[in-house]
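Peer 1: So you can see what is in the structure, the chains are spelled out below.
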Amino acid sequence: MSGSGVVTVYGNGAITETSTNKKSPFSVKVGLAQMLRGGVIMDVVNAEQARIAEEAGACAVMALERVPADIRAQGGVARMSDPQLIKEIKRAVTIPVMAKARIGHFVEAQILEAIGVDYVDESEVLTLADDENHINKHNFQIPFVCGCRNLGEALRRIREGAAMIRTKGEAGTGNIIEAVRHVRSVMGDIRVLRNMDDDEVFTFAKKISAPYDLVMQTKQLGRLPVVHFAAGGVATPADAALMMQLGCDGVFVGSGVFKSGDPARRARAIVQAVTHYSDPGMLADVSCGLGEAMVGINLNDEKVERYAARSE
Amino acid sequence: MAIGVLAFQGSFNEHIAVLRRIGVKGVEIRKPEQLQNVAALIIPGGESTTMAKLAEFHNMFPALREFVKMGKPVWGTCAGLIFLANKVVGQKAGGQELVGGLDCTVHRNFFGSQIQSFEAEISVPHIADKEGGPPGFRGVFIRAPAILEVGPEVDVLAEVPVPDKVKNSDIAKEIQEVNPECLNKVAVAVKQGNLLGTAFHPELTADSRWHMYFVKMVNDQSEEAKIETETETETSSNIIKSGDSSALQDPKIELPIYLP
Chain A
1 MSGSGVVTVY GNGAITETST NKKSPFSVKV GLAQMLRGGV IMDVVNAEQA RIAEEAGACA
61 VMALERVPAD IRAQGGVARM SDPQLIKEIK RAVTIPVMAK ARIGHFVEAQ ILEAIGVDYV
121 DESEVLTLAD DENHINKHNF QIPFVCGCRN LGEALRRIRE GAAMIRTKGE AGTGNIIEAV
181 RHVRSVMGDI RVLRNMDDDE VFTFAKKISA PYDLVMQTKQ LGRLPVVHFA AGGVATPADA
241 ALMMQLGCDG VFVGSGVFKS GDPARRARAI VQAVTHYSDP GMLADVSCGL GEAMVGINLN
301 DEKVERYAAR SE
Chain B
1001 MAIGVLAFQG SFNEHIAVLR RIGVKGVEIR KPEQLQNVAA LIIPGGESTT MAKLAEFHNM
1061 FPALREFVKM GKPVWGTCAG LIFLANKVVG QKAGGQELVG GLDCTVHRNF FGSQIQSFEA
1121 EISVPHIADK EGGPPGFRGV FIRAPAILEV GPEVDVLAEV PVPDKVKNSD IAKEIQEVNP
1181 ECLNKVAVAV KQGNLLGTAF HPELTADSRW HMYFVKMVND QSEEAKIETE TETETSSNII
1241 KSGDSSALQD PKIELPIYLP
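In order, the protein sequences belong to chains A and B. So for the first sequence, the numbering used here puts the first residue at 1; every next one is plus one. So for the second sequence, the numbering used here puts the first residue at 1001; every next one is plus one.
Incorrect hints may have been included.
On the chain B side, residues computed to face chain A include the following (Cβ under 10 Å) [said to hold, decoys possible]:
1. G1010
2. P1134
3. Y1213
Computed list of lysine-lysine pairs in BS3-like fashion (alpha-carbon distance at most 25 Å, straight line) [said to hold, decoys possible]:
4. B/K1173 to A/K87
5. A/K87 to B/K1165
6. B/K1025 to B/K1130
Calculated directly from the structure, the hints in this document are not laboratory data. Bear in mind the structure is a predicted one, so any value in this text is a computation, not a measurement. The beta carbon of each residue, even a glycine, is placed where N, CA and C say it ideally should be.
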């Protein structure tokens, strides 16, 4: 079985890797994501913010030049961050450092791999480099996290080699509605799938345009076969706990922390909210006196660009 | 009584799933008072900095130290090993709080970042002796720590050769200062009394021998306690009555185990 990432519950090769990437098998890639479970990953733009995030208890940081809220405000083409900045952030903290590459831009991913980031986010928040194809993530030793809006999209990304999935939400808005919609869509589809007759799974796989074997595996597991975080619009501890109660393994917080009045306190409160997501008393305690939350954007406005819809 | 799993962050679900597989009940521990209801504790893998921060927010360290001092079995995997160590090198600026108790020096990110994470077949003669099975174990090392130096009372249960990449990195200098012998091989599993520490993640593999080994440590411990306090109530009775059915009925779904 060497050279293929097989899932024991099925025994007969549900997830097989297409590459002969022996040094960094899929199990190790998923393993790091598993170590992040129950944690919060925060967007930071410099070493100082990274230190604040680490002190607050973030389980990883996402190194960026601009947080999504600023990308929205300033417009223009958003690209991979300067490797120099990522290196500085890497030096400043001991927790894992992630960085974003444009969708389909495999050279940016190669550069990020070369400077030794721990995880690459192939992100729709940056401007697309390829509007048809995603990066073939099997070719990399480094693990990838990818966004999704529904089950089909999640399983397509996993087939391309993503070792971690985040539901997209709508980054940089401070508005949780899209995140809820996407998490509910994924979880709802999984619930439908679980109660489905095995004979119907073929058509269901076709309908959601996902590989049959992964659909079947998801059905048997009753969850995505990789770690599943929520993202896009989390601004308060309650938002984070909502995502956890809907069934996510952890939360990405982008603009929500460092666009608020008191980043250190808010970061710490969101970390605690994710740990104690099912304890309303504790959530009430940590939500007290956090200062101003980020302003946020109303998504009923037609002029707001939808990042989530940029890729399929 | 059940086995507690510190559930601040990290792979606590995976540990509970393995315990369930071998018929033992695992309980999530998030508050100091919950420690009173468990016979033993597993500190899972995760980000040690994050876990230390959360433990600090909830004033967990005094309770954890007390738990270790009482001689109750505690097992740390990866981040948990860092928690249990008396001394840690390569930490974040300002250091982090530790539970301590295990007389050894641990290097936090000895094997480097994610791209240097690896799987290796490690030799575990002690575990094979006690639990049977093959003499090797599939060790998953993820941004793993390593044990550079151990005190006289600590038994080393497994070692791995040091990858060339580490030998040529800056870490080599730090190692040289602590223990020059570590340039060839380092300890990755140790035991001292009732404390067990592993740098890899047995909870991510299908092989549950490490968990069975730990459960035996717990049973031995409660047996001893029983002899000492024969007259007291049954609070320290054996935690595992072969195949505790209630422990197996937990419907929670876990991630699949990926083979290399």
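Peer 1: Give a verdict on every hint.
Peer 2: Against the structure, the hints:
Residue-level restraint check for B/G1010 holds (minimum Cβ-Cβ distance to chain A is 6 Å; threshold 10 Å). Evaluation of the B/P1134 hint against chain A yields a violated restraint, the C-beta minimum of about 15 Å exceeding 10 Å. A distance limit of 10 Å between C-beta atoms decides the matter here; for B/Y1213 the minimum to chain A is near 21 Å, and the interface restraint is violated. Between B/K1173 and A/K87, the direct Cα distance comes to roughly 21 Å. Compliance with the 25 Å bound is thereby established for this hinted pair.
With a CA separation close to 19 Å, the supplied pair A/K87 and B/K1165 stays within the 25 Å bound. About 22 Å separates the Cα atoms of B/K1025 and B/K1130, which keeps this hinted pair within 25 Å; it holds.
Hints 2, 3 from the list above are not met by this structure, while the remaining hints are.
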